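Add chain Z to chain P, keeping to what the hints say.
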Amino acid sequence: MAAEKALKQTEELAIEIRGLTYAYPTSEQPVLKDINLKVCKGEFISIMGPTGAGKSTLCLTLNGIIPQSLSGKIEGSVVVDGMNTLSYGVHVLTNKVGIIFQEPESQLFSMNVEEEISFGPENLGVSPDEIRKRVDWALGVVRMEQYRQRSPFRLSGGQKQRVAIAAALSMMPSILVLDEPTSGLDPIGKMEVFSVVHDLKRMRNMTVVMVEHESEEIARFSDKVVVMNEGKIVLEGTPREVFAQTQTMMDVGLSVPQVCELAEMVNRKFQSKKPYSFLTLQEAKDAIRSDFAEARPTSRKDRGTSSVSEQRRTVRDDAVPAVEVGDLHFEYEKGIEVLRGIDLRIQKGECVAIIGQNGSGKTTLVKHFNGLLRPTSGKVTVNGDDAADKTVAELSRTVGYLFQNPDHQIFSTSVEEEVAFGPKNLGISPEDTETRVANALRLVGLESYRKVPPSTLGLGQRRKVTLASIVAMRPEVMILDEPTTGIDWNGSIQLMNSVRELNRQGHTIITITHNMRVVAQYAERTVVLADGQVILDGPTREVFSKPDILRTTFLAPPQITSLAQDLQPMGFAPDILSVEEFCSSLEVR
Amino acid sequence: MSMKYDLYIERNTAIHRLDPRVKLIGAALGMIAAVVVSDLLVLASIYAIVLVVIKLGQVTWERFKFATRTILPVSIMIVCLWPLFYRTGTPVLFSWGPIIITLPSLLTGISAALRINVMAFCAFSLLYTTPQGSLVRGLVKLGLPYEYGLSLAIALRYIPTFGGIILMIMDAQKARGLELDKGSFLRKTLKYVYVMAPVVITALRMADQLSLAIESRAFGAPVKRTYVTDLRMRVVDTIAIAVVVVAFTGLVLARLLYGFGA
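Chains P and Z, in that order, give the protein sequences.
Residues in the first sequence are numbered from 1 upward in steps of one, following the working numbering.
Residues in the second sequence are numbered from 1001 upward in steps of one, following the working numbering.
FYI, nobody ran anything at the bench for these hints, they're computed from the structure.
Since the model is a prediction, treat every value here as computed from it, not as a measurement.
Don't be surprised by glycine CBs; every beta carbon is placed ideally from N, CA and C.
Some clues are possibly wrong.
As the list claims (entries may be wrong) - Computed list of lysine-lysine pairs in DSBU-like fashion (alpha-carbon distance at most 35 angstroms, straight line):
# : chain 1 : residue 1 : chain 2 : residue 2
1 : P       : Lys390    : P       : Lys379
2 : Z       : Lys1182   : P       : Lys390
3 : P       : Lys334    : Z       : Lys1065
Claimed, not checked - Restraint ranges, calculated between C-beta atoms of paired labels, are given here:
#  : chain 1 : residue 1 : chain 2 : residue 2 : range
4  : P       : Ile549    : Z       : Lys1182   : 45 to 51 angstroms
5  : Z       : Met1196   : P       : Asp389    : 26 to 32 angstroms
6  : P       : Asp223    : Z       : Ser1211   : 31 to 37 angstroms
7  : P       : Gln533    : Z       : Ser1211   : 27 to 33 angstroms
8  : P       : Asp223    : Z       : Gly1163   : 42 to 48 angstroms
9  : Z       : Gly1164   : P       : Ser195    : 27 to 33 angstroms
10 : Z       : Arg1087   : P       : Ser429    : 56 to 62 angstroms
11 : Z       : Met1196   : P       : Ser127    : 43 to 49 angstroms
12 : P       : Glu542    : Z       : Gln1209   : 39 to 45 angstroms
13 : Z       : Phe1260   : P       : Thr376    : 45 to 51 angstroms
14 : Z       : Gly1164   : P       : Asn205    : 35 to 41 angstroms
15 : P       : Gly125    : Z       : Leu1081   : 44 to 50 angstroms
Okay, chain P solo, but in the shape it has when bound (with noise of 0.2 angstroms):
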């Protein structure tokens, strides 16, 4: 009985991983200490994990790339749908496991969405008619159907996941490995790639592995989530179990969804008996409408000063502004508008985030304060000056700008020479050089690294290294595009501290990000594009509290603030921004 048992769950396990360590040939130090994890056929798993915690190099593992292709000194075992993936080649396992990278523009590599999706199986020897019917039915699974004979690099980066979804899926896997396929696309992409993701799962009982950093999709799909830290499994368990532990979550750097937070909150507040433990927006909201009686009213002032709003310097109206565009319009190509009629008026010492979709104008938009785009029609004036008049170089003075990539920027071999470049372009002197390039790396925490090469360094590090870059110039102003994206949690949070104190010190911030927390805690005010124009222009309180203009563009607040306000007839403001001003209104019945 015992052994038939043990057979049967032997045949139900997708994975099973025993005792793997491995360390990559560079290196004697293991990425990957004694991991042990079973997942059960039709489970759809997460794993998080802040930088470097070794989840990629897991993923890895699980279709044979390593130790196949990538050797190192491994051990132990791990054995896919019965196959043990150290003894089988990897293209034997690829109709077993099909994996999806982080970078879309480096997965596909066919001039046209069919030939990438036809490609596995050709490789594979499938014949042609039987090919070319799993390409109509993974582009069918991945709603993709009109897209065939589109380039992969004119598509969307939503869709761009996709196709490489369905990539994976004509090889017939009945495992698929996701390796933060969402970390790069704006809000709608993501809705897009999990929403293919769980289907696949629901319907085909296809096993899902996938690394994320969005807590509030993975309580919504997941099944288990493990914690990853330092290449080991620090957690394990349901969502509801893992999110939970919100003090272990943090001290590794990951955020958990802010409902999560509340309920620890609250059962510290109200020393609840009965523990609550919220996972998703629903219960939250169940559970308050139950148990706790009418929101209490509280002040501005009451509701803690999470967001520096409150703080906001009083700025006259007649003072010159740092950026002002008027009328702004932009063209890429004759005909077609990317910016229609933008009108924008940003104060000196203002922190201003820009949120929309991608395509929506925000990148185009922020490029003319610093001339790197030329308006069609209309007028970007920089600190009372017509920006026309000034070449680029000559608005670097005053208005810094940190690309998305540190990739793009980085071309050093030292942290220190990479940071003194912009100063050294301005003309500034050696000694003075020297106070700012140190005065940078303290104000990011780099000053250890100073003679490090930079590209050596993990992306969290690598953006704090052009961000120090940016700062040794001294910008009046500073652009950020979507400073945030792909570090985890606690890089941002080091990240946007930076970015706060500098605002402290009075220099005029532009964010643009698609993180809606980052938004809340950090900017005292929002600005939302929608197809070339701005459509919500005002503090973050009032932007996030018209949820209606914003679901317009796909955007959403917060999950707290989306909690209070559909908790608006119980008294709670629908302006709360963070999880400590929600419990300080609630009360119990």
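For chain Z alone, coordinates are given in the frame of chain P:
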């Protein structure tokens, strides 16, 4: 924005529908023909034929201008320089000190320029009317090993990507106060180090990830690879290739036996 890096123009013309092998062979023979003959009139006729092909392929005026503009500097240089170094023959059209321009030398210059144009337009007409995927498929069918075909396809596929990345890196460095268009020629060139270093680092990172992706899709599996879209020669393709080959052979024979177009 990305359009300018793409050569292929999607149309449904007889030229587009031709088997890529026919077009590859046609373009190659056209280029060889341009080398074999040197008579101005014969070259001009070949040039006219290539232009007809481009017209039939409904290549837009914009793209035609782009192609012409690309080779115009070279053409002008050849026409101007040739007579300077090759000054035999009469009549002398112009002389000023050591500069002597004779009619034959000018004509030879023009035909040399025309030859370059014919060769370039053979290549352009091929690229404008053939999707890069079929081009590679054609080359593989003609005997190029698949690995090389894939490399070529990937190279072509990533031209727009890298075009975009280079522009973005230039922007990123300009935003840090780098003035790419200031200073002497040497200094300007040296400044491009700040652009090329990130390009190389980015390319290496991408190549690394790309190799993982390609391998994860069963590349190199020890089985015979299949192809979904197989190329099949239609009657019209066979006729087209026959016409091209006969015309080419005729031209070469005429040149060799009778000195036609020499």
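Need the status of pair Lys334 (chain P), Lys1065 (chain Z): alpha-carbon distance at most 35 angstroms? holds, 18 angstroms
56 to 62 angstroms was suggested as the range; check whether the CB atoms of Arg1087 (chain Z) and Ser429 (chain P) agree with it. Holds, at about 59 angstroms.
Does the hinted range 35 to 41 angstroms hold for Gly1164 (chain Z) and Asn205 (chain P) at CB? Given range 35 to 41 angstroms: holds, Cβ gap about 40 angstroms.
26 to 32 angstroms as the expected CB spacing between Asp389 (chain P) and Met1196 (chain Z), which holds or is violated: holds, 31 angstroms
Quick check on a hinted range of 42 to 48 angstroms for Asp223 (chain P) and Gly1163 (chain Z), using CB atoms only. holds, 44 angstroms
When you take the CB atoms of Gln533 (chain P) and Ser1211 (chain Z), is the distance between them in 27 to 33 angstroms? About 43 angstroms separates the Cβ atoms of Gln533 (chain P) and Ser1211 (chain Z), which means 27 to 33 angstroms is violated.
Is 27 to 33 angstroms respected by the C-beta to C-beta distance linking Gly1164 (chain Z) and Ser195 (chain P)? Hint holds: Cβ distance 29 angstroms, inside 27 to 33 angstroms.
Using the beta carbons of Met1196 (chain Z) and Ser127 (chain P), state whether their distance is inside 43 to 49 angstroms or not. holds, 46 angstroms
With 44 to 50 angstroms as the target window, see if Gly125 (chain P) and Leu1081 (chain Z) comply at their CB atoms. Check failed, 55 angstroms falls outside 44 to 50 angstroms.
Could you say whether the range 31 to 37 angstroms given as a hint is met by the Cβ separation of Asp223 (chain P) and Ser1211 (chain Z)? Roughly 33 angstroms apart at Cβ, these two residues keep to the hinted range, so it holds.
Quick check: does the Cβ-Cβ distance between Phe1260 (chain Z) and Thr376 (chain P) fall within 45 to 51 angstroms? Since the Cβ atoms of Phe1260 (chain Z) and Thr376 (chain P) sit about 56 angstroms apart, the hinted range of 45 to 51 angstroms is violated.
Taking the Cβ atom of Glu542 (chain P) and the Cβ atom of Gln1209 (chain Z), is their distance within the range 39 to 45 angstroms? holds, 42 angstroms
Hint compliance for this structure: hints 7, 13 and 15 are not met, and every other hint is.
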